[in-house]
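Chemist: Now for the letters of each chain:
2 protein chains.
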Amino acid sequence: MSVLIVGSTALDSIKTPTAENPRLLGGSASHAAVAASFFSPVKLIGVVGDDFPKKYVSLYKRHKIDLSGLQIEKGKTFHWSGEYEVNMNNRRTLLTELGVFEKFTPHLPDTHKKSSFVLLANIAPALQHHVLDQMTRPKFVAADTMDLWLNIALDDLVRLLPRVDCFVLNDSEAHQLTKEDNIFVAVKKIHKMGPKYVIIKKGSHGSVLSSPKGQFICPAYPLQKVSDPTGAGDSFVGGMMGYLATARGPIDKNIRRAMVYGSVVASFCCEGFGLNRTTKIKRTDIERRVTELKHLTQF
Amino acid sequence: MSVLIVGSTALDSIKTPTAENPRLLGGSASHAAVAASFFSPVKLIGVVGDDFPKKYVSLYKRHKIDLSGLQIEKGKTFHWSGEYEVNMNNRRTLLTELGVFEKFTPHLPDTHKKSSFVLLANIAPALQHHVLDQMTRPKFVAADTMDLWLNIALDDLVRLLPRVDCFVLNDSEAHQLTKEDNIFVAVKKIHKMGPKYVIIKKGSHGSVLSSPKGQFICPAYPLQKVSDPTGAGDSFVGGMMGYLATARGPIDKNIRRAMVYGSVVASFCCEGFGLNRTTKIKRTDIERRVTELKHLTQF
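Line order of the protein sequences matches chains A and B.
With the working numbering as the guide, the letters of the first sequence map in order to residues 29 to 327.
With the working numbering as the guide, the letters of the second sequence map in order to residues 29 to 327.
Just so you know, these hints were derived from the structure itself, not from any lab.
Some clues are possibly wrong.
Where chains are identical, the list cannot tell them apart; a pair therefore holds if satisfied intra-copy or between any two copies.
In silico DSS-like pairs for lysine-lysine, Cα to Cα no more than 30 angstroms straight-line [stated by the list, open to error]:
id: 1; residue 1: K308; residue 2: K253
id: 2; residue 1: K131; residue 2: K310
id: 3; residue 1: K82; residue 2: K230
id: 4; residue 1: K220; residue 2: K322
id: 5; residue 1: K83; residue 2: K43
id: 6; residue 1: K253; residue 2: K207
id: 7; residue 1: K131; residue 2: K322
id: 8; residue 1: K224; residue 2: K310
id: 9; residue 1: K141; residue 2: K104
id: 10; residue 1: K104; residue 2: K322
id: 11; residue 1: K104; residue 2: K167
id: 12; residue 1: K253; residue 2: K281
id: 13; residue 1: K253; residue 2: K241
id: 14; residue 1: K224; residue 2: K102
id: 15; residue 1: K43; residue 2: K217
id: 16; residue 1: K102; residue 2: K253
id: 17; residue 1: K83; residue 2: K217
id: 18; residue 1: K207; residue 2: K142
id: 19; residue 1: K216; residue 2: K104
id: 20; residue 1: K281; residue 2: K322
id: 21; residue 1: K224; residue 2: K104
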């Protein structure tokens with residue numbers, strides 16, 4: 029089955045202590061869509077300006093991403109610029125030019141409205157709602173978010189939670205949402221807000237799932253060099269949803285492996301700027317790291 | 029086989045945002061010895077003053093810890109007092125009274141000199157050297173440390189590393205020692221300083237082993253409530269060494285499970301002040317959590 033993915037489609041200018049890369053393909057939906065594409069067909073919902081480089085359209089197409097839901101509007105593509113500190117853990121935004129993204133309203137082509145697997149990648153909760161409003165009974169809906177929406181659109185986000193099966197957020201966002209320091213207590217509170225599955229991302233420390241069938245501690249693939257962590261979280265959730273959409277059997281049976289696959293795609297994402305590394309790998313590269321992670325965690 | 033453990037034996041006065049507990053049994057050797065005692069006989073090397081409460085001697089004895097290497101000197105027992113912040117991650121020292129610890133020189137009874145498994149728990153590197161100097165060909169030596177020794181006794185510590193099989197330190201200490209932000213790069217540098225096995229402790233994120241047989245990502249047991257993390261790292265390495273000392277077969281075959289056992293004992297340690305919780309558990313409680321961790325990490 030295919031995955032419908034909505035989120036931001038952007039140009040990212042990224043600075044790290046050792047390099048600078050302007051106007052790379054970025055945005056939560058781009059990272060998630062490419063990650064998912066290794067496992068299942070992807071339908072992308074987003075918006076770009078008429079300045080959007082053709083090479084990035086080709087990139088999407090090489091990954092067989094269905095672009096019939098990608099709007100091309102008069103104006104500039106969303107442009108984000110950020111800088112990472114030496115340890116790659118902290119970043120600061122240098123510039124945000126919303127461009128055509130400012131007035132984005134996602135419209136679903138009829139062919140998209142019955143998608144079974146839906147990923148509401150990081151984007152304003154109001155737009156995440158708007159996508160769900162247009163859909164007919166999806167089988168499994170996952171939503172990601174960021175601290176910005178907790179700050180400026182908390183009500184919309186809280187209203188979204190009962191509408192999603194799986195909510196994905198990082199540890200500091202979980203703290204911000206629940207005021208709990210302990211992530212396992214925070215997760216309990218988040219379950220009460222709606223989602224059956226809650227996943228807490230912890231960057232290089234991996235992630236944790238809480239589900240009806242219990243918890244799962246998902247490892248991160250050990251990396252000796254991180255070039256650019258931008259999009260790693262989006263790659264994680266994208267890879268997970270792509271895997272889930274094609275795996276046979278119930279979600280509960282597949283979600284652990286799905287997270288490991290997502291984690292591996294995220295590891296590749298970190299090894300290059302933007303999507304530079306992710307777009308160069310093959311499914312066999314992913315399988316190799318999944319096997320390695322299996323060995324790395326066995327006792 | 030038994031484990032010889034040298035380290036600090038202290039009275040800890042611990043303050044958290046919700047409670048205050050004066051003069052609990054503490055010190056790296058106390059925590060490590062009790063943790064190891066669940067798996068193998070323990071020989072303790074340390075010093076206390078003549079004010080050392082009899083109830084703590086009884087506690088050691090209940091855990092069948094051999095006290096023939098515990099010196100009782102005229103004067104006060106080492107007393108440490110510290111306070112934890114709300115999130116339990118940061119602590120500050122309120123008071124350090126070294127007492128008899130100031131002039132401590134570990135003397136090994138003859139019966140101890142041929143011990144096969146030696147844990148140099150956190151204590152001045154000069155004293156860790158002094159213990160090794162008295163020993164005849166131990167089979168496996170592990171050493172722990174703390175930031176203080178990296179600050180004031182770095183040369184002694186660096187000279188110790190070629191003398192130990194396994195070096196255990198936390199992520200910030202690894203950074204301090206190697207100036208590397210990436211722990212997997214840091215670990216490579218530490219191997220070059222001597223130890224065949226390097227273990228990086230990451231608190232609630234678990235730990236990572238680097239060994240001749242590859243890496244191992246060791247999970248932490250998920251805790252919804254941490255009462256007092258003091259001694260968790262000592263419990264981890266103590267439990268690990270206790271398990272290794274009785275497990276059959278080569279170290280490489282056993283060290284992963286040993287770390288998981290250590291991790292579980294550390295989880296119990298965190299659930300009570302000082303040794304309050306650890307001293308109340310049974311081997312069956314440990315086995316239950318090890319089985320749980322197996323399930324929590326499988327995919």
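Chemist: Now tell me if each hint is right for this structure.
Modeler: Against the structure, the hints come out as follows:
In this assembly of identical chains, K308 and K253 lie within 30 angstroms of each other by CA distance solely inside one copy; the values are 17 angstroms within and 44 angstroms between copies. Proximity of K131 to K310 under the C-alpha cut-off of 30 angstroms is found in neither arrangement, the shortest distances being 36 angstroms within a copy and 62 angstroms between copies. When the C-alpha separation of K82 and K230 is checked against a cutoff of 30 angstroms, the pair qualifies neither within a copy, at 35 angstroms, nor between copies, at 45 angstroms. Proximity of K220 and K322 under a CA criterion of 30 angstroms is satisfied inter-copy only: 27 angstroms between copies versus 32 angstroms inside one chain copy.
Within a single copy, K83 and K43 get their C-alpha atoms as close as 22 angstroms, which meets the 30 angstroms cut-off; across copies the closest is 60 angstroms, which misses it. For a Cα distance limit of 30 angstroms, the shortest separation of K253 from K207 across copies, 15 angstroms, qualifies, whereas the shortest one inside one copy, 33 angstroms, does not. Proximity of K131 and K322 under a CA criterion of 30 angstroms is satisfied in neither setting, with 45 angstroms inside one chain copy and 49 angstroms between copies. In this homomeric assembly, K224 and K310 never come within 30 angstroms of each other (Cα to Cα): the closest approach is 32 angstroms inside a single copy and 35 angstroms across copies.
In this homomeric assembly, K141 and K104 come within 30 angstroms of each other (Cα to Cα) only inside a single copy, at 28 angstroms, whereas the closest approach across copies is 75 angstroms. In this assembly of identical chains, K104 and K322 lie within 30 angstroms of each other by CA distance neither inside one copy nor across copies; the values are 44 angstroms within and 51 angstroms between. Proximity of K104 and K167 under a CA criterion of 30 angstroms is satisfied in neither setting, with 35 angstroms inside one chain copy and 67 angstroms between copies. For a Cα distance limit of 30 angstroms, the shortest separation of K253 from K281 across copies, 29 angstroms, qualifies, whereas the shortest one inside one copy, 33 angstroms, does not.
For a Cα distance limit of 30 angstroms, the shortest separation of K253 from K241 across copies, 21 angstroms, qualifies, whereas the shortest one inside one copy, 35 angstroms, does not. Proximity of K224 to K102 under the C-alpha cut-off of 30 angstroms is found in neither arrangement, the shortest distances being 40 angstroms within a copy and 61 angstroms between copies. For the homomeric pair K43 and K217, the shortest alpha-carbon distance between copies (27 angstroms) is at most 30 angstroms, but the shortest distance inside one copy (37 angstroms) is not. Taking the shortest Cα distances, K102 and K253 never come within 30 angstroms of each other, neither inside one copy (39 angstroms) nor across copies (54 angstroms).
In this homomeric assembly, K83 and K217 never come within 30 angstroms of each other (Cα to Cα): the closest approach is 44 angstroms inside a single copy and 42 angstroms across copies. In this assembly of identical chains, the alpha carbons of K207 and K142 never lie at most 30 angstroms apart, being 37 angstroms within a copy and 53 angstroms across copies at closest. In this homomeric assembly, K216 and K104 never come within 30 angstroms of each other (Cα to Cα): the closest approach is 42 angstroms inside a single copy and 46 angstroms across copies. When the C-alpha separation of K281 and K322 is checked against a cutoff of 30 angstroms, the pair qualifies both within a copy, at 17 angstroms, and between copies, at 17 angstroms.
For a Cα distance limit of 30 angstroms, the shortest separation of K224 from K104 qualifies neither inside one copy, at 38 angstroms, nor across copies, at 56 angstroms.
Comparing the model with each earlier hint shows violations of hints 2, 3, 7, 8, 10, 11, 14, 16, 17, 18, 19, 21; every other hint is respected.
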